[in-house]
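Protein chains in written order, with my numbering: chain A, 2 to 83; chain B, 68 to 707.
Mixed in with the good hints, there may be bad ones.
[What the hints assert, rightly or not] Some, not all, of what chain A presents toward chain B, calculated at C-beta under 7 Å: (1) M45; (2) I56; (3) T60.
By construction, these hints were calculated from the structure, which means they are not laboratory data.
Virtual Cβ for every residue (Gly too), placed ideally from N, Cα, C.
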Amino acid sequence: MTEAEVIQALTPVFHDVFDDDSIVLSPEMTANDIEGWDSQTHVMLTVAAEQRFGIKFRTAELESLRNVGHFAQVISARLAGR
Amino acid sequence: MDQLLWLAEHPDLSAAIGEVKREPDPLARLEATTRLANYRRDFTLATRLDRLASEGLQAVTNGEASVAGLQPLRIALLASHTVDHLVPAIRVAGLQRGLALKVHVAPYGLYRQALLMDDAELASFAPQLIVLALDARDAPLQLPLEASPESVAAAVTTRVDELRLLWRCARERYAAQVVQQTIVPADPPIFGSFEALVPASPWALIDRLNTAIRRAAGEDGVLLLDLAWEAARGSYGDGLAEPLRWHQAKQLVSPNLAPLYGDQLARIAAASVGLSRKCLVLDLDNTLWGGVVGDDGIDGLHLGQGSPSGEAFLAFQHYAALLARRGIILAVCSKNDQNIAEAAFKHPEMVLKRSDIAAFVANWEDKANNLRRIASMLNIGLDSLVFVDDNPAERDIVRRELPQVAVPELPEDVADYPARIAAAGYFEAVSFTSDDATRGRNYALNAERKVAMTQATDMQGYLRDLQMVLYATRIGDAELARSTQLINKTNQFNLTTRRYSEAEVERIARRGPRAVALAIRLADKYGDNGLISVVLARPDTAFADDELLIDSWLMSCRVLGRQVEEAVLDVLVHAARAAGYRTLIGEYRPSGRNGMVAEHYPQLGFVPHPAPTEAASEATFWRYDLGSSRPTHHFIEVQA
């Protein structure tokens, strides 16, 4: 899965977690751009993304999940087995 | 990880949530969410359901509105780990268990301060339930690995004594029921299987601590959320003390397991206010035995030793029999010919006997109607029933027709039925007394009494012939647990439906000679019915000094129609006069389920009394002049 494809697949995850179907994701989006993205929903987001893609983030990766693009990079790399 | 497997799957819960979101009325949204809470959900869906309900929940828990089937309850979470992410799932599980929950989370790690010092925020929240959610990394016992068993025991005692002090503060400061979470080991063992043989090894310490916590909880009337046992049973997979979640957010329970944790807490909360289920209703063919008795005949049934499936049915019956032994009522609801179905209970391998079944309904009518009939035969509500049927179509129909009845989704294999029913937590208990152990027998005896009643030519003759003796005792230590249990589970014959914790009952009963708190037992020629009625009466500032307010009056429906309330009034009149009162004040608060006692006070000779200004608007008040002499209308010998 390319990063763009991951972002597309992440969209419904964001819709569910933030209960807002109007969210349109772009790689540079951060917590400042989405209402309700705080430390608690951030954990929910990581867990929901893990469930969606059947992966488990590593502790070292958690720190790099600062914007949507980073999410997509890490997920895409993990799905590719890197 | 799969969880809440006993709940049915919604074809598209996400879409259903989207639909309810458009409903403008918060209470209508709450009711719709409560219906959706009966379906299996993951943590994101639980959070979305919680958002839908939140406005309505707020109105209900603040007393601005009420919704049938939802009882408000305030829970304070005092934790040594992060629990904020669990709160939405706790509230949604509450809806499914009949509770409108208001949840307060004390600041992370400050549970001691909240209980030992005056916490203004907690005091104004006025928790009814305080959950102490602690973990292995909190205040670990500081012992060298080579510490002697004696010093380990001493350290464990010190730690448990500290907890007991906190429990006492929770009771005394807030009159709250305490729920203590047991400790889940955080780090892997360091000795392997040898771990338990080293008294001060991390796992051995936690094991001892949990054992001591459980014993102390039993002694102090504290309830357990036994997460350590759940961890050992594997209920949470690796979702407890998961290193990633701990390092990321100090979460003991992983967010994806929030629905399960929420439900385990909600079922304890529900049990503490009497909302646990009371009766297991069983289908017969392919549920209690393999095969169809009407087609295959008794000899053709798969049941008993010798075949794996026969043993599996036997094991399920055995589990049902164990539930009966702890006080769960058993009933049968089957599409069958009544005679053929009853005859099958003579199969030599049957564990359950016909006499274990308190209500036996086998006919060709629809099951929803038959479940209504069972509830009325047993004098219990539909919301006390759990219906077990191997046929998914029957389960669906009952869920649709009678949403109050719990209908667990069942695994394909009957061998897995007991674990599924246990996991669903319908019968969560908050006490176990000898009355529970004999309840099954009491229901059987009641059946005999009913037969005697139809044989007796007149009611008066029947009642006289029962040779009833009523024992009334002031509520003391010995009666506290059972009285509280009855107060919290009685719905129909209950004048005010006020629910109290043991601490609160104790507080009322100990108010000195001015309070009259009675525990009432009834025996008859068939046996002892156990504790069947409780009356709490106390002076109240809304009334004059010589007026005694009957705060609570409730009675088990097992002894309805036997004039017990007449005899109880005799006892109450006598006790009130002795305490110097001149008038009894009765109160009736309709709850939606206690219509049978709407005329209780006028029938006993009370006359209408104006309601005090601060009383709930729908409550009615009644007075009884203790100066007049009271004629007796019963055939009960009173021993007070």
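Taking the hints in turn, this is what the structure says about them:
1. Interface hint status for M45 (chain A): upheld, as the beta-carbon distance to the closest one in chain B is roughly 6 Å, under 7 Å.
2. For I56 (chain A), the shortest C-beta to C-beta distance to chain B is roughly 12 Å, which exceeds 7 Å, and the interface hint is violated.
3. A hinted interface residue such as T60 (chain A) counts as satisfied when its beta carbon comes closer than 7 Å to some beta carbon of chain B; here the least separation is about 5 Å, so the hint holds.
Violated hints amount to a single one, hint 2; each of the other numbered hints is respected by the structure.
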